[in-house]
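Chains as they are written, first to last, in this note's numbering: chain U, 960 to 1189; chain S, 267 to 1013; chain W, 70 to 160.
Hints in this document: simulated from the structure, not taken from any laboratory.
These figures come from a predicted structure and were not determined experimentally.
Glycine included, each C-beta is placed from N, C-alpha and C at the ideal position.
A hint or two may mislead.
Unchecked claim - Under 10 Å between C-beta atoms, here's a sample of chain U residues computed to sit facing chain W:
| hint | residue |
| --- | --- |
| 1 | Trp991 |
| 2 | Tyr1011 |
| 3 | Gly1012 |
| 4 | Ala1019 |
| 5 | Ser1024 |
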Amino acid sequence: MRFAVVQFPGSNCDQDCVHALQILGQEARLVWHQETKINPEEAVILPGGFSYGDYLRCGAIARFSPIMAAVKVAAERGQVVVGICNGFQILCEAGLLPGALTRNEGLHFRCETAPIRVETPTTRFTSAYVTGQILQIPIAHGEGCYRASPDVLQELEARQRILFRYCNPEGEVVAEANPNGSSHAIAGICNARGNVLGMMPHPERCCEPEMGGVDGRGILLGAAGVGRSL
Amino acid sequence: MKAKEFALTLGLSAGEYDQIEKGMGREPNENEIGMFSVMWSEHCSYKNTRRELRKFPTTGPAVLVKAGEENAGVVDAGDGLALAYKIESHNHPSAVEPFQGAATGVGGILRDIFTMGARPVAFMDSLRFGRPEAKGDDGKRTRSLIKGVVSGISHYGNCVGVPTIGGELVFDQAYDGNPLVNVFCLGTLRHDQIRRGAAKGVGNPVFYVGAKTGRDGLAGAAFASRDLTEESKADRPAVQVGDPFVGKLLFEACLELYARPDLVVGVQDMGAAGLTCSTCETASRGGSGIEIELDLVPQRETGMTPYEILLSESQERMLIIVHKGREAELKEIFARWGLDAAEIGTVTETGRVVVKEGGKVVADVPARILADDAPVYEREAKVPAKLAERQKLDLRKILPAKPKVREDLLKLATSPATGSRRWVWNQYDHMVGLRTVVRPGGDAAVLRVEKPGGGWVHVAMTLDGNGRWCAQDPREGSKALVAEACRNLACAGAVPLGLTDNLNYGNPHDPEIFWTLREGVEGMAEACRFFDLPVTGGNVSLYNQSPAGPIHPTPVVGVVGKVEEGVRLVPGILGKGGGVVLLLGTQESGGLGASLYLQEIHGVLAGKLGKVNLKAEKELHQLMRSVLKLKGVRAVHDVGEGGILWALAEMTFGEESGGAEVEIPCGSNERPEEALFGEGAGRILLEVDEEAVTGIEGLAKEAGVGCYRLGKTGGDIFVIRCGVVKEKWAGKELKDLFHNSLPKVLE
Amino acid sequence: MRAVSKAAGYKATVTVTLKPSILDPQGEAIGHALQNMGVKGIKSVRIGKHIELEIEGGEEKVLRAKLEEISKELLSNPVMENFHLDLQAGG
């Protein structure tokens, strides 16, 4: 699969995503935020960082950038779109995913390896895993507290659109293991059609043993459509 | 005599003013005096310390850019790879406004590194505050300083996407009211990418790029001397605000610019004294002159005077000189990154910095006099009157008749001074960039860095300071620091390549303080020479005092090294069990003089470190690197503050770590507390497989370094024997105290 | 002379703004974004904080003094910010 990794001026995980994808044998190109074209066969990654400084609200300014119109079209065409961390925030601001990401409940930026639990293997992003599998994936954010209306949360639950939840090392979803206070311990969700994924943890940071683990590979390979063959 | 009076209000001395007038051949105007006041300050000229700094060894086969030549030193890491790194202080700004003070400190050191042509890849921070657990206003102020500084570093570092991978955080009453915020940055580049800050080529255009100029950072002294109403004073504070987003754009744009062949002539960041400093330094280095027009400088505020524009410390600005005819390329790159790029002047042959406003000359100064001719002082030095008294130590008056080691260790585990620093580094993105191999919390941080030809080089780095040691014995304390930093690197299998230093001291006009500074420099210089470690630059921060008195003399060193081929990196914490505990080095503890133990447990700062045995240290480090190439080494931790018992306890604090059962040697004339908590000797603890012991013992014997078997790991209790002392702690009991002590006082 | 100096309840609004000379990176970034979006005529953007407090009854003068103190000590950072206090009966 060929990936288009969008580069906003304040993106800082763009190169990391390209590196991880290349390690996994995927092609990746950087797409500047002022460009207007995503190719029809490409999967899109909105990487982590601080797209435009993110002073007002994370992702608030990014959604108006020229490339986002193309990303919307790609999502509507059914192309894969993955928003990681700041990318998740942008997807929510742009309306490609429901809800919003607000300041962490503890008010601090948190960077650590957080266990997350795979809730369903029936999406392309999670097909490499089994239900209940615990992944060790780094988080690094100050605004990762997922909030949505009760209707939206109910819909996400009912349609199994919650792909990952924060959990303790034993796999239990408990308040102490929730690093940011997200509703329903949500770490990642997808859209109804199943082609748009937003997640706060960084799969690209755990694709090599030297970086502390390889639990993120399945997600990126899933996005590439290589899922089960892992 | 009006000019002279003005000079005096800006902190220049009468003698300095006379020298300026003589050098210029006329009476300088207000703008020129302002320029001199900053360029001839200690911060820019090192006028009080230059004589001392010359004592450092600054050359070596690995040195590519020497101390003082450019914004940061550069060393060779092999395979065409070079490392640019430097430490700098932001103590005073952080005391006034901790968040912005720390944030702009990070931004400043970042610019120093990418100015050299390097891509910044890691930050570390060395932070010192008063006691956060103190009662009343002192504690309250300290806690808010700590939170502000940590958030400021987190804010800037996380946003620019450079990981903060280590450092130190120290609490000591000596820093009450005068915190130390020293920030370090490392960048990587190819040898051929090194950039110089010289203005060359008459007629070449001088560009101003980055954020607009405002009245940020204008010194209070300058305002006090002018007609300003109370109201306008309130509106013109000295606080500089950092904009990490613009900082990130600026370094990406600059790196893109450098990548264009033969485009850039010289680059200089605008730090202290912004425009003044960058123009006169580039002109002086290039043996040229520069002429600029202030009306062309992008300004954030209206009605700024030449004086204000010349001395503004607005952040995120750079001065760039490119080859004539290539202006459009520069403009195109900066426009793409959404940044201002204004051509404000040209390189001339006059050797002068000429500043115009609306075509009229408002300052005209020979660049060399401004940049390089600041006076160099030999300050008076005197041994502190009370030093000998303070160095005395009578343990009989301090230690209880019967050792209370169990309580002692519980107290250490509870103290915020020794507790886990996770609360801090969890707030720093320490993984971005996919280079962090050893994360914060251990002896040294390790990064992997791309070699120009592909593949990785592993770079280890550490920051170390110890005001307590240096207060009690400035010379040996400073030597011990360098030894400890090298030992930390050895624990990561790394050979040190270079050192950057931040000298934090009080008022140099106080002969006792100047004496401690000189001793400190000489001690460091001696140790650096012994370890073949060039000093590649750094920073001096003086006048660190509060009404309660000066801070401890606190040199901080940052040492960068390269992990040797074949080394297997191991954690600093124990595994689940089944290993053997070994001690490398000496059985002697070095005693309790100036120790953390005496301060934390008995509230006493007394005695001094034993004499540092540099030869033994060097042999130990070499052995350590060899041992790390063997199979079966599970964990390594250096014995530092708190002595061997604290080091062992720390090894059991890993989330998954089991306990240990060890016997610690106690000399016949020694109190068990000395054996357990003495921190004066260079030693390293290992957890290894049983099968690996013989091999390690063999290497140690060859190296002439002691190797002692202390016990075994496993179970979930921590058991020690030492002379008459036999104690145990439930592993979880200590672990919980250790991990909660800092959040408990700060949250 | 003002009749009311005591009420059953008050609403206070504290507006905290950066002092004019202090750089406002947030405002700069938003101003820049608006420009990029083609919005014309905006000369500058400055961001501040709007803080609402509901307060039990008491004497207005005492309350005002107390709120001034809170605004100075906690709600604003006097090194960099100014504040404006608005106190109204009711609420």
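Cross-check of the supplied hints:
no.: 1; hint: Trp991; verdict: violated (14 Å)
no.: 2; hint: Tyr1011; verdict: holds (6 Å)
no.: 3; hint: Gly1012; verdict: holds (4 Å)
no.: 4; hint: Ala1019; verdict: holds (9 Å)
no.: 5; hint: Ser1024; verdict: holds (8 Å)
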